[in-house]
Amino acid sequence: MHPVYPPSFGLMTWPFSLTPDVVARTLWAIVQVAALAWIGVVLLRMLRRAWPEYARRGHVLLAITALLASRYVLRDTHGGGGNLINLALVLGATDLATRGRSHVAGIVFAISLATKPTSVLFVPLFWILGFRRTASIAVAGAGGLLGLAILVHGRGLAPLETWLHGSIEYSRMANLFEAPAEGFPPFSWMNQCLRCALTRYLGSVPTAFTHLDDGAPLPGWFDGLGWSIQATLWCRHAATAIVLVFTFGLAWLNRRDRMAIPAVVAGCFAASLLLSPISWKAHHVALIPALFLLSIPVLARRTWAIALAALYLFACVAGEELVGKSFKHVQQHLYLVTLGTLVLWTLCLGRAFRPPGRIGDGLAETVR
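Here this note's numbering is used: the first residue of the sequence shown is 1430, the next is one more, and so on.
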C-alpha cells in the first residue's frame, strides 16, 4: 500500500483483490460513480432542509457544481482514487446524524476514519454540532477496524508503528524540501496544501525545484521572502491555529442553527484540505459541498453567474490540454488551488455568520 495510508485502508481494497484485475477496476469505477451519485442525493437533502425555496432547481445547482468540480472529479476517477468515496462517507454520516440516525452515521463515519483519516477534523465538528454519539461510535469503530486490519496483516504492530512514525514525522517537518521518513512523498508542486504555499511565499525554495527537467526556470517564477525555516514554521503554526479556531469557533456559534450546518460542513472540508500535509489535486473533490453552496447565488444574481463562468474557464478549461504545461506550472507554483480553497473556506464561514434567509444575498454580501 501507499505509505500515507493506514493499515486499515486495506480493508476497503481487500474485496477487490479477490477478483481479476479487469473486474476489480470495473467494480471500483462503479463504486466511484455510486459515491458521486450519493453525494448529489445528500446535497439535495441538505438543500431541502436549509433552503426549500431552491429545492425545485436543485438539478441546476448540481449541474453547475459538476462543471466547477469536473477537473478534480476526472482526476480522482481517472487515477482510481478513493477521494469521492471518502467524501460520500463523511457527507452521508452528516446527513444520517442530522436525521437522528446516530448509530448508522457513526458506523459510516468510522469507515472513513479508518481508511482515510483526513476526515479527522469532523470528529470535533460532530461533537460541537451535538452529534456526540456519532463521533464516539466513529472513533471506537475506527479503532476496531484498525485492530482488525492488524490481525489480518499478521505482522503485529509493525505496520501501524511504521505508519504512525511516518505520519508524525511528516506533519512535523520543518524543512519541507528534505526527504521524508518511511517513504512518504517528497515535496511536489502538485501538493497544494497550506503549509507548502506558505513555505513557497515566505521561505526560500531550493533551485532544484525552481527549474524544469531541461534546466529552464519555471514559467513566471519569482522568489519568496526568504525567511528562515524556523520563522516560516512559526507562520505555518499560526495559520493552522487560525483555520482551526475560525472553523470550530463558527461551528460552536451556529451549533443550534440547523440552517448553518451545510456551510459549516463545507467549510470543514475546505479546512481539511488546507491543513492536511498532503493535498493533491484529486483530494479537492472535497470542495464539492462548498462549490454547491457557491452555485446557489447564481439563481438570484446574474453577476454570480458571470463570476462562476469565469472561474470555470480559468480553473477547469484552461488546463494543460489546451494551453500547455507552462500554465500548469504557473498555477502550481503560485498555489492558485490553495488560494481558491482558502477563498471557499472564507465564503463558507461567512455564510455561517448570516442569519437564516436567502443564501444568495448572504454570500454576495460576504464577497462585497
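The reader is advised that the hints may include incorrect statements.
Cβ-Cβ distance ranges computed for the label pairs, FRET-style [said to hold, decoys possible]:
no., residue 1, residue 2, range
1, 1617, 1643, 15 to 23 Å
2, 1675, 1507, 32 to 40 Å
3, 1445, 1484, 32 to 40 Å
4, 1607, 1759, 43 to 51 Å
5, 1681, 1449, 46 to 54 Å
6, 1482, 1449, 47 to 55 Å
7, 1671, 1594, 36 to 44 Å
8, 1738, 1484, 20 to 28 Å
FYI, nobody ran anything at the bench for these hints, they're computed from the structure. No residue lacks a Cβ here, since even glycine has one placed at the ideal position from N, Cα and C.
Hints, one by one, checked against the model:
| no. | hint | verdict |
| --- | --- | --- |
| 1 | 1617 / 1643: 15 to 23 Å | 18 Å, holds |
| 2 | 1675 / 1507: 32 to 40 Å | 34 Å, holds |
| 3 | 1445 / 1484: 32 to 40 Å | 37 Å, holds |
| 4 | 1607 / 1759: 43 to 51 Å | 26 Å, violated |
| 5 | 1681 / 1449: 46 to 54 Å | 50 Å, holds |
| 6 | 1482 / 1449: 47 to 55 Å | 50 Å, holds |
| 7 | 1671 / 1594: 36 to 44 Å | 28 Å, violated |
| 8 | 1738 / 1484: 20 to 28 Å | 24 Å, holds |
Violated hints, in rising order: 4, 7; the structure is consistent with all others.
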